[in-house]
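Given chain L, put chain X in place with the hints provided.
Listed below are the residues making up each chain.
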Amino acid sequence: MPEGDAPGRAERLGRQFENTLLAVVLFLMIGIAASQVFLRSVLGSGLSWADEALRLLVLWAAMLGAIAASRDNVHLRIDLLSRFLPAGWRRVSAALVDLFAAGVSAVLAWQSWRFVSESREFGDLVLGTLPAWAFQAILPAAFILITYRYLAGLPRHFRPRRAAVERDTA
Amino acid sequence: MILTSLALVLLAVLGAPLFAIIGAGALLGFSRAEVDLTAVPIEIYGIAETPILLAIPLFTFAGYVLSESRAAARLVRLSAALIGWLPGGLAMVAVATCSLFTAFTGGSGVTIIAIGALLFPALIQAGYGERFTLGLVTSSGSLGLLFAPSLPLIIYGIIAEVSIDSLFVAGVVPGILMMLALAAFCLWRNRENRRPLADFSWREVRAAVRESIWELPLPIVVLGGIYSGYFAVSEAAAVTVVYVLVVELLIYREVPWNRLTAIVRDSMVLVGGILLILGISLASTNYMIDAQVPQKLIELVTRYISSQTSFLLLLICFLLLIGCILHIFSALVLVVPLMLPVAAQYGVDPVHLGIIFVATMELGYLLPPIGLNLYISSYRFNRPVLDVCLATVPFILILFGAVLLITFVPSLSLMFVKQ
Chain L
1 MPEGDAPGRA
11 ERLGRQFENT
21 LLAVVLFLMI
31 GIAASQVFLR
41 SVLGSGLSWA
51 DEALRLLVLW
61 AAMLGAIAAS
71 RDNVHLRIDL
81 LSRFLPAGWR
91 RVSAALVDLF
101 AAGVSAVLAW
111 QSWRFVSESR
121 EFGDLVLGTL
131 PAWAFQAILP
141 AAFILITYRY
151 LAGLPRHFRP
161 RRAAVERDTA
Chain X
171 MILTSLALVL
181 LAVLGAPLFA
191 IIGAGALLGF
201 SRAEVDLTAV
211 PIEIYGIAET
221 PILLAIPLFT
231 FAGYVLSESR
241 AAARLVRLSA
251 ALIGWLPGGL
261 AMVAVATCSL
271 FTAFTGGSGV
281 TIIAIGALLF
291 PALIQAGYGE
301 RFTLGLVTSS
311 GSLGLLFAPS
321 LPLIIYGIIA
331 EVSIDSLFVA
341 GVVPGILMML
351 ALAAFCLWRN
361 RENRRPLADF
371 SWREVRAAVR
381 ESIWELPLPI
391 VVLGGIYSGY
401 FAVSEAAAVT
411 VVYVLVVELL
421 IYREVPWNRL
431 TAIVRDSMVL
441 VGGILLILGI
451 SLASTNYMID
461 AQVPQKLIEL
471 VTRYISSQTS
481 FLLLLICFLL
491 LIGCILHIFS
501 ALVLVVPLML
511 PVAAQYGVDP
521 VHLGIIFVAT
531 MELGYLLPPI
541 GLNLYISSYR
551 FNRPVLDVCL
561 ATVPFILILF
571 GAVLLITFVP
581 SLSLMFVKQ
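Protein chains in written order, with the numbering used here: chain L, 1 to 170; chain X, 171 to 589.
If we strip away everything but chain L, and leave its shape as in the complex, we get:
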């Protein structure tokens, strides 16, 4: 990425933001899980909220990881056929596949949004007193970002040269 241009900076900031959040979530998880083991095996006690907090952190790590996987374009896939297609068709199929992934993620985002709003109306609680929707909100947020990622990636299939030209002129 060229230094200084707006999309490049947004890309860098976005990536840094993901990395920071991932590290915070993972190290919180490690800290709480390790304290639980220590408390159980040495003192024979434990934190009552820890198990639920750990499960929520796993959900957050999973969804943040999924967002990061979309940015890096490394989601698990089969991809048997596309490597045998001629270049032109490969571009069409790549675009089709990304459009499809964006569509499915958009529906998942919409349904997750409904799930979260229902939970909010219902007043579900986690960890004793905290509103559940605040933790569940990672689902719609993740699917919105994943949708955006696949849509934003679409033009590169049709303008393979432009990115290279931009890089050269920057």
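There may be inaccurate statements among the hints.
[What the hints assert, rightly or not] Just so you have them, the derived chain X footprint on chain L, three or more residues with Cβ under 8 Å: (1) 27-39; (2) 48-60; (3) 104-114.
These aren't lab readings, by the way, just hints derived from the structure by calculation.
Every residue, glycine too, gets a C-beta built ideally from N, C-alpha and C.
Leaving out everything else, chain X in the frame of chain L:
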């Protein structure tokens, strides 16, 4: 129904991400059954209601940190000092170290990069043929997935709702069998070249032990803790992470602190990918159970197949085929929910089924067109993929023999499992 399924399969082979394929299947299925589509996010939220999943991010991260350090080199040195003096010893070193390392790093292909890269030149130097070496290093790269704390076994346990501790216990003998099969083949193939690596030397053993003194307790604590039942799997994962971080970052200082964010990202990208399709497939599995897909499958299979033996043979062929096109994690979430009820119909124990599944999928890492190990080896050792494929053929046959034994002698898996 058939048309949409075909369209989804086509999109999948064109390279659509699997979470979108499974998600689309679940959404379409539920909407046809007029179930509220929030069922899908509710199932994904199930990730936050499955305690054992905690083990996955923790073990994955620990594995990534380990593979960034020089732990692999120390492991090779130590096992070379211990068994390298045996005839054919270096080949056995390869088999043993790869298994241990794969069990701890989850079989994402890092074994070939971390250990294969060390052993490849050493094996060639010790007089092993190049093709043999290439085949050995490639096929050892997925050995060890049957030992704790292997990720595929954990994921199988979650999907099949069987005890992960039982799976770990059940995997021990089959895992050792696969190792022994490869080791015996190495001895036989190199019966002309039995020049030992070096004389046994206490001095070298002492030096190797001293070098890896901080890492040696790790497998003992983790495996001992899990197999004895002292640690739950996720507790063992927490202990492993803390231990690995302390040893590699503070004591050996081989993993620089500023690499840590990149390691976190890489490992969590893998975890996110796996857990996302796991969560979504919980939804699609629910839909399939509602739609009685397993029952229909059972009816179809029982119409043509009557005995357990022919079912198991068919199962292995099917799994090998799946292994050719799907990565083990994708195969787990897609195939296991359908396979379980059918196998139960033929009286196959779900724990045994898990061992069959993972053992067969170990072979999948070696099968074209997508076998991960083939590409990693080809890339790492700079050989054409076709050469790697040909070099692995005899090893695949040996491992296939072991898989047959594991499949048709259930007691190998079940003898130590408390029923």
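Here's how the hints hold up against the structure:
Under a criterion of three residues with beta carbons nearer than 8 Å to beta carbons of chain X, the stated coverage of the stretch 27-39 of chain L is upheld, 6 such residues being counted. Check result for the stretch 48-60 of chain L against chain X: holds, 6 residues qualifying (beta carbon to beta carbon below 8 Å, three or more required). Check result for the stretch 104-114 of chain L against chain X: holds, 7 residues qualifying (beta carbon to beta carbon below 8 Å, three or more required).
In this structure, every one of the numbered hints holds.
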